[in-house]
Amino acid sequence: MNKENKLDIPGKIRGAVFKEDFDYIEEYEGKAGLSKLREALMVSEYREILNTDIKTFEWYPLEWHVFILIKSKEIFNWTDDDVVNFGYRVTKLTIFLKLYLKYFFSAEKAISKANEYWQQIYSLGDVVVVKADLRNRIVIFKITNFKINKILCLVIRGYLRSVGEMILGKKENMRIIENKCELNGDPCHEYSIEWD
Amino acid sequence: MATPATNTVLSGINYYYMSKDQEYLAESLQDDLENLERYIQEYSLFLPLAIYSINPVGIIVDVNHAGKELAEFEEIEMIGKEIDVLFKEGKKIGSYLEEIFKNGSVKNQELTLITKKKKEIPIRISASIRKDREDNIIGCFIAVHDITEIKKFQDKLELKVKQRTNELEKAKNKLFETLKETETAKARVEDEKDKTFAIISNFIDPILIIDNKEKLSIFNPKAKDILGFSDKLIGQKIDSANNYSITNFTKYTNKKFNILKTNFEFNDSVEEEMEVEYKGETITYKIITTKIIGNKKEFLGLMKIFNDLSREKKINSLKSEFVSIAAHQLRTPLSAIKWAIRMVLDGDAGAINDEQKDLLTKGFISNERMIRLVNDLLNVSRIEEGRYGFNFEELTMSQICDPLVEGMEDLFKKNEIIIDYIKANEDYKVYVDRERIRIVLQNLLENAVKYTQRNGRIVLTVKKVADKIKVSVKDNGVGIPKKDQEKLFTKFFRAQNVVRIQTDGTGLGLFIAKNIIDKHNGEIGYVSEEGKGSEFYFTIPIKK
Numbered sequence: 001m002n003k004e005n006k007l008d009i010p011g012k013i014r015g016a017v018f019k020e021d022f023d024y025i026e027e028y029e030g031k032a033g034l035s036k037l038r039e040a041l042m043v044s045e046y047r048e049i050l051n052t053d054i055k056t057f058e059w060y061p062l063e064w065h066v067f068i069l070i071k072s073k074e075i076f077n078w079t080d081d082d083v084v085n086f087g088y089r090v091t092k093l094t095i096f097l098k099l100y101l102k103y104f105f106s107a108e109k110a111i112s113k114a115n116e117y118w119q120q121i122y123s124l125g126d127v128v129v130v131k132a133d134l135r136n137r138i139v140i141f142k143i144t145n146f147k148i149n150k151i152l153c154l155v156i157r158g159y160l161r162s163v164g165e166m167i168l169g170k171k172e173n174m175r176i177i178e179n180k181c182e183l184n185g186d187p188c189h190e191y192s193i194e195w196d
Numbered sequence: 197m198a199t200p201a202t203n204t205v206l207s208g209i210n211y212y213y214m215s216k217d218q219e220y221l222a223e224s225l226q227d228d229l230e231n232l233e234r235y236i237q238e239y240s241l242f243l244p245l246a247i248y249s250i251n252p253v254g255i256i257v258d259v260n261h262a263g264k265e266l267a268e269f270e271e272i273e274m275i276g277k278e279i280d281v282l283f284k285e286g287k288k289i290g291s292y293l294e295e296i297f298k299n300g301s302v303k304n305q306e307l308t309l310i311t312k313k314k315k316e317i318p319i320r321i322s323a324s325i326r327k328d329r330e331d332n333i334i335g336c337f338i339a340v341h342d343i344t345e346i347k348k349f350q351d352k353l354e355l356k357v358k359q360r361t362n363e364l365e366k367a368k369n370k371l372f373e374t375l376k377e378t379e380t381a382k383a384r385v386e387d388e389k390d391k392t393f394a395i396i397s398n399f400i401d402p403i404l405i406i407d408n409k410e411k412l413s414i415f416n417p418k419a420k421d422i423l424g425f426s427d428k429l430i431g432q433k434i435d436s437a438n439n440y441s442i443t444n445f446t447k448y449t450n451k452k453f454n455i456l457k458t459n460f461e462f463n464d465s466v467e468e469e470m471e472v473e474y475k476g477e478t479i480t481y482k483i484i485t486t487k488i489i490g491n492k493k494e495f496l497g498l499m500k501i502f503n504d505l506s507r508e509k510k511i512n513s514l515k516s517e518f519v520s521i522a523a524h525q526l527r528t529p530l531s532a533i534k535w536a537i538r539m540v541l542d543g544d545a546g547a548i549n550d551e552q553k554d555l556l557t558k559g560f561i562s563n564e565r566m567i568r569l570v571n572d573l574l575n576v577s578r579i580e581e582g583r584y585g586f587n588f589e590e591l592t593m594s595q596i597c598d599p600l601v602e603g604m605e606d607l608f609k610k611n612e613i614i615i616d617y618i619k620a621n622e623d624y625k626v627y628v629d630r631e632r633i634r635i636v637l638q639n640l641l642e643n644a645v646k647y648t649q650r651n652g653r654i655v656l657t658v659k660k661v662a663d664k665i666k667v668s669v670k671d672n673g674v675g676i677p678k679k680d681q682e683k684l685f686t687k688f689f690r691a692q693n694v695v696r697i698q699t700d701g702t703g704l705g706l707f708i709a710k711n712i713i714d715k716h717n718g719e720i721g722y723v724s725e726e727g728k729g730s731e732f733y734f735t736i737p738i739k740k
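Chains as they are written, first to last, in the numbering used here: chain A, 1 to 196; chain B, 197 to 740.
Mixed in with the good hints, there may be bad ones.
What the hints assert, rightly or not - Covered, in the sense of this in silico footprint (three residues per stretch, anywhere, with C-beta under 8 Å from a C-beta of chain B), are these stretches of chain A:
id, stretch
1, 45-57
2, 91-97
3, 156-166
Simulated from the structure, these hints should not be mistaken for laboratory data.
Since the model is a prediction, treat every value here as computed from it, not as a measurement.
Just so it is clear, CB atoms sit at the ideal spot from N, CA and C, and this is done for glycine as well.
Throw the hints in and build the complete structure from the sequences for me.
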């Protein structure tokens, strides 16, 4: 067992999101890609993932998810944009988004429920709406207590883009900007959603 | 103390302690949710109807398997897309969405779906809004029916209908043309029919038409009037006996027909003669029955045309009367002239010289000729008026022929004609008018002498043929031209070749002879060839 592969990451992630990791890799990297990932997992501290029946509503170690992302980036030579894209795409497929849809009768309502949606996915971290100025085309979210891994910062950018489109509609030149990062020593993560 | 739960937590970052019951409940709930999720997934996979779930701003938030298949997009490609990009109608979808969110639903709206591969699919949408517990609209489900096959069928049907309509239109036009032509032809036929009917109706004498089914099809007003036919007779089947003789019509009228003459031989026509009373007068008709043949040589029926002979008869009667009167009036002075000249020639008025004698002789001969003509005219007149009386008696042929031949010997000698008289084996008796038969035989012998050259031969033969006596006079004279033969027994007729030879002759002899033989129930006939001679004969029944 290679101790270097073990990540020391707290927290849990809902099975619904975690399940999408393998589906995404199979879709984009093919069965061969999935096999490579499985092989990598086999020789890692996280081989038990392969023997675990992932259930939608169950909680699983967040590090499992982070490890798969890091390994995928490594195996498939993903760029940062590829990781953002991963976050963008998997968000759309989760059942929690479908459950979260009940808030989508108005953008303001949906934005106000962001933390509730977050709590359905992650067992740690809090989301706060810093600003929601639809007229000036800017929404700012703050995430605290979520100092995990840089890779998740990229994934979250993808999440926000996806949810942003779902709430606000397709906007011209929608930009997700990470203004602050806890891993950079900032007190929190801060993301802006801006559009033209 | 409750066991800290490490794997099953419902919310938040803080672990909290759950009792075993709570743990069990939490696990149960999770199982139920898993089962529900599986159920929804299976249902979504199975459902053949494409369903798109959109949020209030028209973003696709979910799509089922059928929806992905129809649009040819992956789920991940569709979620987050605005619904209007799926439709050809584009931004117009907004108005449908407004209607959906306003009215709660929209049913059966026809649109066009654009797939990922840019294929256009005709579809029909139904939509129904979704609300939360507080009655806020949180989106809607849009069901999409692929109506390609229906459209194809509709288009096919429309095409078929169009084609059929065109065919029907063409057929209709053709029918109208045909109808028009038929109408025109019918009008023409009616016109012709009217004209024909007008001609028949206005014909001065009766006309009857029998169709090819032996039914009386038309008769004109004159027929109705004269013959007493009623309109009910139209369509009546007519007895075909004796070529549809007028006698077959007598049962259809209360008029009395007197049939005078019939000829049932059908060459081109059949002739009959009849009399009928009309307005106190007797009308004599000659009825000619002739075939009606169509343009295509088809037999169409028979036409009976009535020719009023009354006028002709009256005219003939008047002519005859005139001739009779004239002849009578002429006979007396002619007789006086004859005797006067005779007396002078006989010297009763004194001597006359040769020149005077010659002139008077010529005058006498001419006068004799006139007297003969007047006598013949009188005889003809009597025959035509039915006043030519007969006095029949029983005689033998010798009693008739012998005195006549003896009496004509001078004539034979004068013309240097040899006469052979061949008698029958037996001297048969006949029932005749002596004088009239003598006239016939004398006429035949005189004609033979007139039209035979000097040194010619005449053979008079009397023989029995069946139950008749046949008397024939055969000569080797000039003969009769073929074109003149059929008119031999008509009044005043003389063949051209004999007129040149013999200017004498009234042309009445054979007419009178035929009448006499007819009255004796005999027949008169001839065989002749121009340049070779003629044989005239008559037959009389032997007296039993």
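(request) Compare the structure with the hints numbered earlier in the document and write down the numbers of the violated ones, lowest to highest. (result) Hint check: nothing fails, all pass.
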